Structures are given as structure tokens and as C-alpha cells.
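All chains, full assembly: derive it from the sequences and hints.
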Amino acid sequence: MSRFLQGKSGKAQLTPSAPQGGSAPSERRPSWVKELLEWVKMVAAALVIVLLLHVFVFNLSTVVGHSMEPTLKEREWLFVNKLALRLGKPRLGDIVVLKDVSTPSGPQSYLVKRVVGVPGDRIEIRSGKLYRNGAPAAEPYTDSDIDDADYGPVVVEPGRYFVMGDNRHTGASRDSRSFGTVPGSQIEGRADLILWPVRQLKAL
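Heads up, the numbering used here is the position in the sequence shown plus 387, with the first residue counted as 1.
None of these hints come from the bench; they were simulated from the model. Take the hints with a grain of salt, since some may be wrong.
Once the Cα atoms are required to be at most 30 Å apart in a straight line, the calculated DSSO-like pairs of lysine-lysine come out as [said to hold, decoys possible]:
no.	residue 1	residue 2
1	Lys589	Lys516
2	Lys476	Lys589
3	Lys428	Lys516
4	Lys486	Lys460
5	Lys516	Lys460
6	Lys486	Lys476
7	Lys486	Lys516
8	Lys469	Lys428
9	Lys589	Lys469
10	Lys476	Lys516
11	Lys460	Lys476
12	Lys589	Lys486
13	Lys469	Lys486
Cβ-Cβ distance ranges computed for the label pairs, FRET-style [unchecked claim]:
no.	residue 1	residue 2	range
14	Glu544	Met429	17 to 27 Å
15	Arg561	Tyr518	17 to 27 Å
16	Arg513	Arg462	27 to 37 Å
17	Leu479	Trp419	52 to 62 Å
18	Tyr518	Leu591	17 to 27 Å
19	Pro494	Lys421	33 to 43 Å
20	Leu479	Trp426	27 to 37 Å
21	Arg513	Thr449	27 to 37 Å
22	Asp487	Arg462	12 to 22 Å
23	Gly539	Arg478	43 to 53 Å
24	Gly558	Arg462	17 to 27 Å
25	Lys460	Thr490	16 to 26 Å
Computed from a prediction, not measured in an experiment: that's the story for all the values here. Think of the CB as a built atom: it goes at the ideal place given N, C-alpha and C, for glycine as much as any other residue.
Set out below in C-alpha cells:
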């Protein structure tokens, strides 16, 4: 709004009146464009954080097949801890997710196995039993003897690991007995939890 003032010269002067009701709408709140840009920034930042966590810290993996029964069942979801193996090395008994190098073409596939031999261990399968360094290995996670043929003995090389599935029935698991020991660089992470289904939620 404007108002007229009569100056000393007798001429009318037009002066703006003070705005009423506070600042202009553009000053009271950001425009929709600014709000959209802020929203895009927040979403982008969240995606970057999730991506970094996925690459360096953890991911989720789904169990496919029966090679880890009775410990793991098909279609269970696992929390895979990547950071643990960046800060340390796989240990005996760890359940690990490793790259399946037998499928070089197409999308990368993964295997879930248990570490049963670490560098320096002498591994042998004889009469249905797993022997580590000449002594029977304690394996409370299995529900049967090993039905497959005898194997070894072999010595696990430095920086490599001997892995097997918990399912010891004939032909149930494709593991180090068929593809040999695996290098540490092939192991993506350690399975620490069963997350789904909820009734199966537990630490591994």
C-alpha cells in the first residue's frame, strides 16, 4: 500500500507504506523448488550412506539350497558382517559367504559355507569323519556322518581356508572337497545372524 504526503513545495510525494503482517511470502518460507532440492539432497545423502554400509560394513544374504542344513534353511535371511573380516581373519567354525568362482560369466553368485580348516591345518576325511591335524574335529552343528568318499589329507596353504557345508549327506554340498581351498580375498563376510523368519532369529 502507498500513501500521499504533501511536501513543503506543495508537490505531492508518493511513499511506500511499511508492509503489514510480517515479511513477504518468499521470506516466510522456502519456495517449492528449494524444498525439492533439500529433499533430493537428503535422499542422496541417505543413499550414499546405505551404499557405503553395504559395501564396507554389512549386507543381507538369502540362503539358497540345502547345503548348510540343519544350521541354515533355504530362504532364510542372513546378516552378513563384512567389517569383521576387514578387521580380522576367518576363524574355525565361522559361517562365511564367499564368491562362487565356478560361474565366471553372468551375475556373481555366492556360497554359504563353514570354515573347517585355517592356514596350516592338515585336513582329512576318513570313514565319515572330518580330521583336523590328525584328530577328529568336534562338529556339533552336523546331524550325520559324512556320506561322501574319503578325502585328503591336504594341508591348507597360507592365506587360504578349507570350507564345507554342514549338510554331510551324499552330494549335498559343493565345497572345498570339489573346488579346493579358497583364498581370503574370495570371502565376502561372516554370517552373524539369522534375521528372517522372525521365529528363527538367532546369532550364529
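| message | Check the structure against each numbered hint from earlier and tell me which ones fail, lowest number first. | response | 3, 14, 20 and 23
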